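> One-letter residues, chain by chain:
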Amino acid sequence: MSENGMIGKARRGTAKKRDSADRTQLQTILIRFTRHRPAMVSLVLLGLIVLFAFVGPFFWVWDHTVYKEIPSNLPPGGDHPLGSSAAGNDVLAQLMRGAQQTLKVAFTVSLVSTVVGSLWGATAGYYGGRVDALMMRVVDIFLIVPLLVAAAAIAGSAGAGASWSAIALIIAIFSWATIARVVRGVVLSLREQEFVEAARASGASAPWIIVRHLLPNAAGPIIVAATLLVAVAILAEAGMSFLGLGIQLPDISLGQMIGSARTAVTTRPWLFYPPGVLLVLICLTINFIGDGLRDALDPRQTRVRR
Amino acid sequence: MTTEYMNEEHATAETGDDVVLEVSDLSVTFPSDDGPLPAVREVSYVLRRGEALGIVGESGSGKSVTSMAIMGLLPRNARVEGSARVLGQEVIGLDDKAISQVRGKKIAMIFQDPLTSLNPVYTIGYQIAEAVLAHRKVSKQDAMKRALELLEIVGIPSPEQRLRQYPHELSGGMRQRVVIAIAMANEPDVIIADEPTTALDVTVQAQVLDALQRARRETGAALVLITHDLGVVAGQVDRVGVMYAGRIVEMGPVEEVFYRPRMPYALGLLGSLPRLDGDRSDRLTPILGSPPSLRDLPPGCGFAPRCPMARERCHQEEPRLLLTNGDTGREPSEAGAPTVHTAACHFSDELVGVGAADLFRPGEERPETTEGEPEPKNPVEPDVLLSATDLVKHFPIRSKGILRRKVGEVQAVSGISLDLREKETLALVGESGCGKSTTARLLLNLIRLTSGEVTYMGRPLQGLSDRRMRPLRKDLQLVFQDPFASLDPRMTVSDIIAEPMRIHGDGHRDARRRVKELLELVGLDPEHGSRYPHEFSGGQRQRIGVARALSLNPRVLVLDEPVSALDVSIQAGVINLLEDLQDELGLSYLFVSHDLSVVKHIADRVAVMYLGKMVETATTEQLFSAPAHPYTQALISAIPLPDPIKERTRERIMVTGDIPSPANPPSGCRFRTRCPKFANELSDVERTKCVEEPPELLDRGAGHRDACHYSEVVELI
Amino acid sequence: MLVYTMRRVLGAIPVLVLASILTFVMIDVSGDPLADIRMQQPPPTEEVIQQAEARLYLDRSMPERYWLWMTGIGGNGDIGLLQGEFGPSTQGPQYEIGPAIAERLWTTLRLVGAAMVFALGLAIITGVISALRQYSKLDYTLTFVGFLALAMPTFWLAGIMQAAGVKFNQLVGEQVFATIGDGRFRAQGEPLGDQLVNAFAHMALPTLVLMLISFASWSRYQRTSMLEVMNSDYVRLARAKGLRNHVVIRRHALRTALIPLTTVVAISVAGVIDGAILTETVFQWRGLGDFFITAVDNNDSYALMGWLLLSGIIVIVANLVADLLYAVLDPRIRYE
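Chains as they are written, first to last, in my numbering: chain A, 1 to 306; chain R, 307 to 1023; chain B, 1024 to 1359.
Hints were generated in silico from the structure; no laboratory data involved. As the structure is a prediction and not an experimental result, all values here were calculated from the model. For glycine and all other residues, C-beta sits at the position ideal for the given N, C-alpha and C. Treat the hints loosely; a few may be bogus.
Derived list of chain A stretches under chain B, where covered just means 3 residues or more per stretch with a C-beta under 8 Å from a C-beta of chain B [said to hold, decoys possible]:
1. 93-102
2. 139-146
3. 262-271
Listing some non-contacts, in silico: residues in chain A with all C-beta distances to chain B over 12 Å [unchecked claim]:
4. T34
5. F52
6. P81
7. I173
8. C283
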């Protein structure tokens, strides 16, 4: 707020009005989002999962590492509500840690990819022509390599598997291209809008136009794409860990838990199902939130619901 | 859907056999997040065999929804009540099988946008034959033969070839004629044409209307012509219904409604129209306010909030559509008698002999604007502000690959010279693709010239860097066509108006006061600065656009089709505003438009463009009273006059064909391929000159210049 | 059309070249093919290491090696993609990358192909139903199933399916589904009927898994595309002509709504390959997935590069086919 107290007081009347007008836009977005019931339920659920993953470990007696005190292959119940692994881990603790690592990787991927992809896509879209053609060809190249395999290959050969941040970076290398494509498309159409030309006709510079007009108007699609990318990254990380090329023991991720429980589907299902269910739940909620955000942010998708 | 079941035999017995379409109490409601939207309310009308009925109204008046409801083409969630009978058969609520036998056979429809109404993946022939095969048991060859015949009727050149072509290979005008051919394929009894020419250029509009008339003659079908263009209605229909906020508010023979309107809205609509046959000094009479939101309609008359003669009763009681014959007293209308004139106004009797200006122009009108011509003709010409010499702009056509080789070029502007003088309005007119908007942008140095020179107050603009250009931009501002696309939806109105000031680094405190001033200046509530653009109507948004352009105190405003996206009743207000601002602030306008009626009203001088060239330039009076170039003549005579008698009796100069592609313009005179003079009057020797030699823009006296080897003045209005 | 095809094919070449550079550089900088040798106990002599370096061309600079990898000029005849050689393997001199890939390519392509065909069919059917019954219970159910499939980790679903297959076999007391292996070796030399049964037994579950993983996004896309077309002017005109609803849907809506799907399917081929690798691993197929994991384990750089390039080629070819198909389906492109 730039207004100082006195002016603020004197202007309370108009300020109130201003708020109500300000609200209208944010409010419509919020209202539309809250009306999307699956998205709202998902938001709550995802919040609980995040709490479980990041706050849960502080309240649980065990952590994810191996304990001599824990007998191996305990079925769920008693001191170990989700049982224990062959090596002597508490599965519940593993689940918390696994979800935490998975989420950290996924959000980092989304953040890095969105920043890089938005800049790349916005530049290509704004300049257009040959610059655009060249930059998008680079994007094509990243899109034709299978994400999971390429990331796994690099992680595997680099032996970088141990750290979650390295894994995140590698996945990001192969996933920023999708964001770039989305942003470029949006910017390309925004660039032709009359309000951009109006700014140019008033003498606005390129950075002014990008910061004041293009980015705020592209924010909706970018947010949606970034959200959906979180789910993609989760599945990629899980796949890598499953192949043994992602996060390595003693650290743990959900994908890795499933990978090591692969042979125990029928004999010790408590090792196989919980991480999978949690993984599905995370991706599902994120996809629904993305869907809700799209409905709320993208006016073209506005539709009359029953 | 709630419909009474109607016994077919009973229905036929009831209505006279010359009635082909009877709509009674038709209502359509759409569900929405914020409650039901009554888009159409209790519409009733009768259409007789061979008759043409016009339905006019502004956007959102429900005119299209009505006919969609009759055709059963509304989305499933729409609630349709009431009845519509085609040849006595109830069509509302029919199942798919039954309605398919009515559609296309008894009642056909033509849609607004010819570019999207044909399926891109099938040939023209296939799509016409499909319509034939839907209702006739004939072979595919016969259907194709019929398609060929239909294409000939609607006047498509080389029809055999067209049958095998895909829609994208045809121009908009041709595609619309194909749609007309589809509509008449099974000789329907009723053709509904929903804004059939709105998306087309005027010269092409004339051709398509002609094709529509031929289709009617050929099939004997009755016509429902839905349009917002009062001129089109005046020339094409026998009776007309005026719709407002989902209701028919006036209906009668076209002459009655046009010459003796009995509902203030119809009167206002006619008064707000700039007319080709009007006088320039006549000020337009806008209808204040904007149409009500369908979500919360006023309890009484829908028009009452905007009506100058509204009284207590108007706000409480919704008027019914009643006969207007003043002597016999007002009675409910007997649906359909062809000469009956009805109006939905409690006080329609008071409108006898009242003109639009008497009713809508309040007494407190500022006196200075009615003084007539602002200044007498000075012997000394005012200074030239903005001057262009031999402007050329070619856009390269590039290959799709990574190399983007240049494979050709669009000659958007090929040698335009013009001078804009101080405090004058120069209009740049022409049809789509003539390069008028490109010229405007070249003048503002928003796109780079291929060659030529632009000077502002003697200073050359071309080649100036963005930084060097910036100070000059204060003086040269632009107003856009689309009031929705030209305002950033994520900024408040204050921020939008203040943006040019911020770009030029003007103080914030000052900016806030200035925004209020500007809002007031353009006739908006200065307290509304904190709102977002989507909260305003089209006309208000256009005013915001004007305020933004004025924020830096420019001397020149380039107006790119500033009113063509607006409804008629709104348009007049914006035109008046522009005129007032010019008087008040001493602005010079470059007014880019395709609408000659508006141009005639607002401009001092006019330059007519065709395919990147200027074909004629003169003062407004000279140009309209004595157009010399055949293209100008064709353009003027293609504009429909909102006056039934004049429109039907005037002499017309028609052009044929479509505008050639600017990527490959004709040699010599660019207009020769469509020129009526070239086609009908000239000898072969004379034609050679047109083919070989591009005509120059020559002065024919008194500053009236045209570019035709054989120009000849004709009086058209 | 021929010109168009030629132009498309030529346009794919630079992408392929750039992709090869990218793969080469990434694999080259990230891995050390000699890691295993260096780790050997007792530590190998300098000579052994140099020998291995020379055999794997590691004594040359990276650009030189790329050039060598592509052309084989100046190599020992075991390298040069243009000559059909993929380069020396770390898995011993007798291990030839080219034939090893070729042997497994068919196994994987069979799975990918079958899964894509079924997924496409399912996607179109569900997408169209969803669109036609927009906001009905059925639409919501299909939407939820689609989202669930999108959220499902391939290998987890594969694991569940495998377990379910085993359960099913136990229940009926017969080996209906083979849950391990691709069944290639057992099938040879048997009568055709048995071969087919055997192929089905091995193919059914992995194909089902990959199909479920792939169909969802296509189905969503088909739904959107269909809805858009259903609201288009030309569908309205088709109705106005008096065509029956089912004719309008089949002839005008579906036909046009399928066009954009070709591009979407082509782009997602890369994702399907990812899924195939995971599925194969769970069902222990000797396909490209197994090849890949072995290559990673052995730091086999040339094998990995060859693998990635191959999958790149598959994706590019798929896109090329989609482009051509698009042109066939859409006359607006054809004549450009």
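> Are the hints correct? Go through all of them and say.
These are the hints, each one checked on the structure:
1. 93-102: Result for this restraint: violated, n = 0.
2. 139-146: holds (count 7)
3. 262-271: holds (count 3)
4. T34: holds (18 Å)
5. F52: Consistent with the label, A:F52 stays out of reach of chain B, its closest Cβ about 17 Å off (over 12 Å).
6. P81: With a cut-off of 12 Å, A:P81 remains clear of chain B, as the shortest Cβ separation is near 21 Å.
7. I173: Label violated. Min Cβ-Cβ 8 Å, cutoff 12 Å.
8. C283: Nearest chain B Cβ is 3 Å from A:C283, so the label is violated.
Checked against the numbered hints given earlier, the structure breaks hints 1, 7 and 8 and satisfies all the rest.
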